[in-house]
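S.K.: As a plain string of letters, each chain reads:
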Amino acid sequence: MQTDTKILAHEFEYLTPNTLNEALDMLDRYQDKNAKILAGGTDLLVKMKTINLKPDYIINIKNIQEINFITYNDDGLKIGAVTSLSQVEKSKEVKAKYSALYEAIKSMAAIAVRNMGTIAGNLCNASPAADTAPPLIAYGAEVKLANKRGERAVPVEEFLTGPGKTVISSNELLTQLNIPVLDENTGSSFLKIGRVKADIAKINIAVYLERKNNVCKSCKIVFGSVAKTPIRVKGAEDILRGQQLTSDVLTKVAEKASEEIKPITDIRSTAEYRHEIAKVMVEKAVNLAWERAGD
Amino acid sequence: MKKAEIEFTVNGKKRTLFVKTNELLINVLRNDLNLTGTKYACGIGECGACTVLLEGRPVLSCLTLAVDVNGKNITTIEGISKDGFDPVQKSFLKNAAVQCGFCTPGMILMAKSLLKENPNPTEDEIRDYLRGNICRCTGYTQIIKAVKECANNHNQDK
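So the sequence lines, in the order shown, correspond to chains A and B. If you count the first sequence from 1, you need to add 1396 to reach our numbering. If you count the second sequence from 1, you need to add 340 to reach our numbering.
Wrong hints could be hidden among the right ones.
Which chain B residues face chain A? A few, computed with CB under 10 Å, are given here [what the hints assert, rightly or not]: (1) G383; (2) D408; (3) S453; (4) G472.
Hints were generated in silico from the structure; no laboratory data involved. Keep in mind it's a predicted model, so treat the numbers as computed, not measured. Where is the CB? At the ideal position from N, CA and C, for every residue including glycine.
Based on the provided sequences and hints, a complete structural model is requested.
M.R.: Given below as structure tokens:
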């Protein structure tokens, strides 16, 4: 593959909507014309440089202030589409309440990339290894997709459909993320294995559970980088639900989770390693979430 | 050829330029404005050599379209000190934290940004903040020492 990462050789029409309506108008007009959304650019520009992605139109949504926010209230945590990963990481509520999301963002790339990149972009890029996806799925978060005619809400779990694939239509824009308020006695955790700290995940995991009277009342265990999309290991969740956290239960949960994932061997790791390390990660992540849930 | 007019501030100076829509910020800085302190290395956001400050925060100029900085404020390594060397630069010199020098502009801008956010970082915090900047001379020990010493001096001055 011949690549030149010093320049962007491909030419395109550059559009900068200042309002959401303008952006949706543009998406409607250019939906059949190979238009791409630019938010952070840390995936889009890399793909344009290295894998021959050649959009005819680039719609830069960074100037749309309506979708640059992060708020927390009784309704939960809401994050706008152009809010940078750094802004999310610096939110007091995210750090205090949404541990798995906080840890996932902290694990991503490096400061300069997080100053540019967005959660919305991480989701729309739809990498099976996307670090923000497992925590968002574990929390039951949903994305808001808007087009000129209206909007719809889609759970993150259903939003991602395959490597680079989502349910978003070419005239739609992901405008915001909604993460529900987390109940009392809940805890979450995120773990990731990479070669170095700034790496893309060989495998990552998020756990969110509710602990009551020393029993796991409900839980979600989500793995990334082990299938075409981040996946929940529902069989393992079933084993944990209703149980006290004993080492016996934990071993069964880990064995089941390792059976349920469908990893492949690729440049980052082997299927065999991913199956093995998954067990260790489930045990660690569940323990951590359990401790955080308190009682 | 698709061109656009952009007006932005570089190191405190207003600049108006016509740029191609697919021109990258790094190349405008280096080729049009002759600010060659900003370095090109990997071009895909892995190494941090092209780091500049956008509205005071580090970003990668190799992954930023020049048209995207219209109306914004950029600081490059050339602009971090009005007279002489910045304290971070002095500390890098004193601690021999510069070998071939290619990663240095990015390292110094990251260090400046770190010390602004966190005037008293631990070694772990320094390593974590600089983790996106690669030094192929592997002079990390001296770089971290330089940042740490600068933080200490800064705190003593207060």
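S.K.: Decide, hint by hint, whether the structure agrees.
M.R.: A quick look at each hint next to the structure:
At a threshold of 10 Å, the smallest CB-CB gap from B/G383 to chain A is about 3 Å, leaving the interface hint in force. For B/D408, the suggested interface contact is upheld, since its CB lies about 6 Å from the closest CB of chain A, less than 10 Å. Residue-level restraint check for B/S453 holds (minimum Cβ-Cβ distance to chain A is 7 Å; threshold 10 Å). A hinted interface residue such as B/G472 counts as satisfied when its beta carbon comes closer than 10 Å to some beta carbon of chain A; here the least separation is about 2 Å, so the hint holds.
No hint from the list above goes unmet by this structure.
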